[in-house]
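Novice: Below are the chains, spelled out letter by letter.
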Amino acid sequence: MEPMMTMMKGNEALGEAAIRAGCRFFFGYPITPQSELPAYMARRMPEVGGTFLQAESELAAVNMLLGAAAAGVRAMTSSSSPGFSLKQEGISYMIGSQLPCVVVNIMRGGPGLGNIQPSQGDYFQVVKGGGHGDYRMITLAPSTVQELVDLTMLAFDLADAYRNPVALLGDGLLGQTMEPVSFPPVREPLDDKDWALTGARGRPKHVITSLELNPEGLEELNLRLQAKFAAMAAKEARWEEYRCDDAELVVVAYGTSARIARAAVDGARSIGLKVGLYRPITVWPFPVQGLARLADRGVRQFLDVEMSSGQMVEDVKLAVLGRARVDFYGRLGGMVPTPREILSEIQKLMGGEAS
Amino acid sequence: MKLLAGMPQAMSPVVTHYCPGCSHGVLHRIIAELIDELDLRERTVGVASVGCSVLAYNYFETDFVQAPHGRAPAVATGIKRARPNLFVFTYQGDGDMAAIGTSEIIHAAARGEKITAIMYNNTIYGMTGGQMSPTTLMGAVTATTPYGRREENGRPYRMAELLAQMPGTAYVARTHVADVGNIVKTKRAIRKAFEAQLNGLGFSMVEVLGNCPTNWGVTPAEANRYVMGEMVDYFPLGEFKDLTKEVLAGVRA
Numbered sequence: 108m109e110p111m112m113t114m115m116k117g118n119e120a121l122g123e124a125a126i127r128a129g130c131r132f133f134f135g136y137p138i139t140p141q142s143e144l145p146a147y148m149a150r151r152m153p154e155v156g157g158t159f160l161q162a163e164s165e166l167a168a169v170n171m172l173l174g175a176a177a178a179g180v181r182a183m184t185s186s187s188s189p190g191f192s193l194k195q196e197g198i199s200y201m202i203g204s205q206l207p208c209v210v211v212n213i214m215r216g217g218p219g220l221g222n223i224q225p226s227q228g229d230y231f232q233v234v235k236g237g238g239h240g241d242y243r244m245i246t247l248a249p250s251t252v253q254e255l256v257d258l259t260m261l262a263f264d265l266a267d268a269y270r271n272p273v274a275l276l277g278d279g280l281l282g283q284t285m286e287p288v289s290f291p292p293v294r295e296p297l298d299d300k301d302w303a304l305t306g307a308r309g310r311p312k313h314v315i316t317s318l319e320l321n322p323e324g325l326e327e328l329n330l331r332l333q334a335k336f337a338a339m340a341a342k343e344a345r346w347e348e349y350r351c352d353d354a355e356l357v358v359v360a361y362g363t364s365a366r367i368a369r370a371a372v373d374g375a376r377s378i379g380l381k382v383g384l385y386r387p388i389t390v391w392p393f394p395v396q397g398l399a400r401l402a403d404r405g406v407r408q409f410l411d412v413e414m415s416s417g418q419m420v421e422d423v424k425l426a427v428l429g430r431a432r433v434d435f436y437g438r439l440g441g442m443v444p445t446p447r448e449i450l451s452e453i454q455k456l457m458g459g460e461a462s
Numbered sequence: 160m161k162l163l164a165g166m167p168q169a170m171s172p173v174v175t176h177y178c179p180g181c182s183h184g185v186l187h188r189i190i191a192e193l194i195d196e197l198d199l200r201e202r203t204v205g206v207a208s209v210g211c212s213v214l215a216y217n218y219f220e221t222d223f224v225q226a227p228h229g230r231a232p233a234v235a236t237g238i239k240r241a242r243p244n245l246f247v248f249t250y251q252g253d254g255d256m257a258a259i260g261t262s263e264i265i266h267a268a269a270r271g272e273k274i275t276a277i278m279y280n281n282t283i284y285g286m287t288g289g290q291m292s293p294t295t296l297m298g299a300v301t302a303t304t305p306y307g308r309r310e311e312n313g314r315p316y317r318m319a320e321l322l323a324q325m326p327g328t329a330y331v332a333r334t335h336v337a338d339v340g341n342i343v344k345t346k347r348a349i350r351k352a353f354e355a356q357l358n359g360l361g362f363s364m365v366e367v368l369g370n371c372p373t374n375w376g377v378t379p380a381e382a383n384r385y386v387m388g389e390m391v392d393y394f395p396l397g398e399f400k401d402l403t404k405e406v407l408a409g410v411r412a
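Chains as they are written, first to last, in our numbering: chain A, 108 to 462; chain B, 160 to 412.
Think of the hints as simulated: they come from the structure by calculation, not from any bench. Relax, there's no trap hidden among the hints.
Using C-beta positions, here's what the derived DEER-type ranges look like:
no. : chain 1 : residue 1 : chain 2 : residue 2 : range
1   : A       : Gly-219   : B       : Lys-344   : 44 to 54 Å
2   : A       : Gln-396   : B       : Leu-357   : 53 to 63 Å
3   : A       : Gly-440   : B       : Thr-287   : 37 to 47 Å
4   : B       : Thr-175   : A       : Asp-241   : 25 to 35 Å
5   : A       : Gly-240   : B       : Gly-313   : 31 to 41 Å
6   : A       : Gly-240   : B       : Gly-388   : 39 to 49 Å
7   : A       : Glu-327   : B       : Ala-164   : 35 to 45 Å
Residues from chain A that face chain B, not an exhaustive set, calculated with beta carbons under 10 Å:
no. : residue
8   : Ala-162
9   : Ala-167
10  : Gly-174
11  : Ala-177
12  : Gly-179
13  : Gly-197
14  : Leu-304
15  : Pro-311
16  : Lys-312
We put the CB at the ideal spot given by N, CA and C, even for glycine.
Given only the sequences and the hints, what does the whole structure look like? Please build it.
Specialist: Written out as structure tokens, the structure reads:
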């Protein structure tokens with residue numbers, strides 16, 4: 108049977124995808140522009156025998172998530188930039204304790220209280236690890252509502268596969284956009300985690316902790332974690348190349364910026380400029396492979412486009428390793444670039460007239 | 160020969176890291192005995208907090224998780240919501256529960272989470288070297304009140320009375336473990352707190368006054384006298400809320 112298409116807001120589609128992935132526990136706290144997600148879960152969870160709980164703070168929500176993850180169930184929390192900052196405590200603990208879960212950041216303008224407009228100003232916070240300690244977290248950056256659905260399903264599988272939190276990184280525009288989407292069938296919640304806290308019935312007790320007072324022991328734990336992060340980096344990098352085959356300039360952008368940049372690329376092509384788009388789908392692990400290949404193939408110019416001050420530029424430069432020039436165009440504070448602005452930057456860089 | 164007493168099954172046969180004379184061990188044993196007596200060992204998850212009892216998971220033969228500082232009630236909420244058939248308790252000190260974790264404990268109580276919080280109140284941060292906590296008595300000299308706790312440091316507040324006001328609490332009591340009679344009373348109170356959870360009555364909490372000879376800089380005997388004297392004067396013993404009476408009356412009759 109063909110899957111039915113449904114018109115849905117990004118935030119709500121995310122919630123439905125989580126439920127279809129077997130997530131039955133959601134711990135939320137209101138913050139714009141992600142509030143439709145907890146509201147959707149509050150309505151939908153009782154219908155599937157799940158639990159929605161509105162916590163008293165982001166700190167409480169992320170620690171409820173820690174508890175549910177320790178009990179071995181699929182669980183999720185969501186927030187937006189200032190609230191996500193507060194969740195960093197729990198994320199670091201969950202990584203140290205090797206607990207799988209999904210954390211969502213629908214970014215808004217910052218720093219501080221900032222505003223409620225779309226932004227990508229949390230790249231450093233989420234991708235580079237805003238919490239304490241040596242850690243990494245797979246971070247998925249969808250650019251359409253359908254991709255948001257698909258990556259939400261994937262996020263739960265990756266979290267369980269690696270016993271590590273996985274982040275979904277979107278922005279207010281993606282969260283608020285309404286688009287037709289199709290959903291895969293509902294999956295039954297998994298309940299087969301042999302390390303989970305279920306009561307020590309007929310087995311030795313299970314202890315879940317991130318504490319290791321002995322430095323040799325903590326180094327050993329860190330090396331195990333690093334091996335896991337290395338495996339993620341080797342296997343989980345995902346990206347999309349669009350019209351890159353003969354491109355002389357390649358725009359690098361993720362999420363909403365990539366969606367806008369795609370229109371700019373089409374605009375450039377329509378006036379004869381050989382321009383492509385390289386879109387990281389995982390921003391951690393950053394997909395260096397494809398970019399390096401493009402640089403090897405002779406692309407001499409990359410243009411990083413973000414709704415931030417250029418937080419991803421360092422990753423692009425590291426991938427290109429001096430083989431090509433890397434420029435940047437971005438908007439800040441909740442401003443969203445237009446395809447025309449990006450095309451104008453492309454034309455400047457390629458020596459054409461800026462129109 | 161007949162064995163009259165032994166190690167509870169729920170207690171791990173290991174040497175603890177607690178200082179000589181510290182009453183954490185007494186409280187651990189009370190909890191372990193009750194877990195045995197109520198046949199809960201195979202369905203218990205303990206939540207360790209941050210402070211001297213951070214390593215509590217080494218001393219109980221039950222599943223355990225270690226929570227971030229102050230967040231044990233939130234972690235316990237997540238576990239209990241995920242697996243309602245589990246018996247879930249937190250073990251927290253006064254710094255963890257009454258300072259950094261005030262929000263989490265108050266809201267877990269207000270929601271009536273079916274968990275039990277055990278607070279070991281010894282009026283000081285032990286693990287970090289004896290700093291003032293929210294329950295430190297006025298005048299007490301600590302690492303961060305070298306001239307004694309004064310008005311500018313604020314006054315100690317009473318957690319059990321505070322939580323008793325929360326709509327979701329089923330049982331709240333304060334006891335101490337500085338002499339044998341009160342150890343017995345503490346066990347009785349914690350049993351009620353456990354039964355409140357087991358019968359789905361709501362949130363339960365027992366604040367247990369304990370000592371800290373090391374950071375108070377006194378002998379264990381002097382420390383216990385301080386518990387029974389100054390501390391009990393400021394933190395009255397008793398049951399501040401008990402919904403188990405009516406509900407369990409039928410069961411016990």
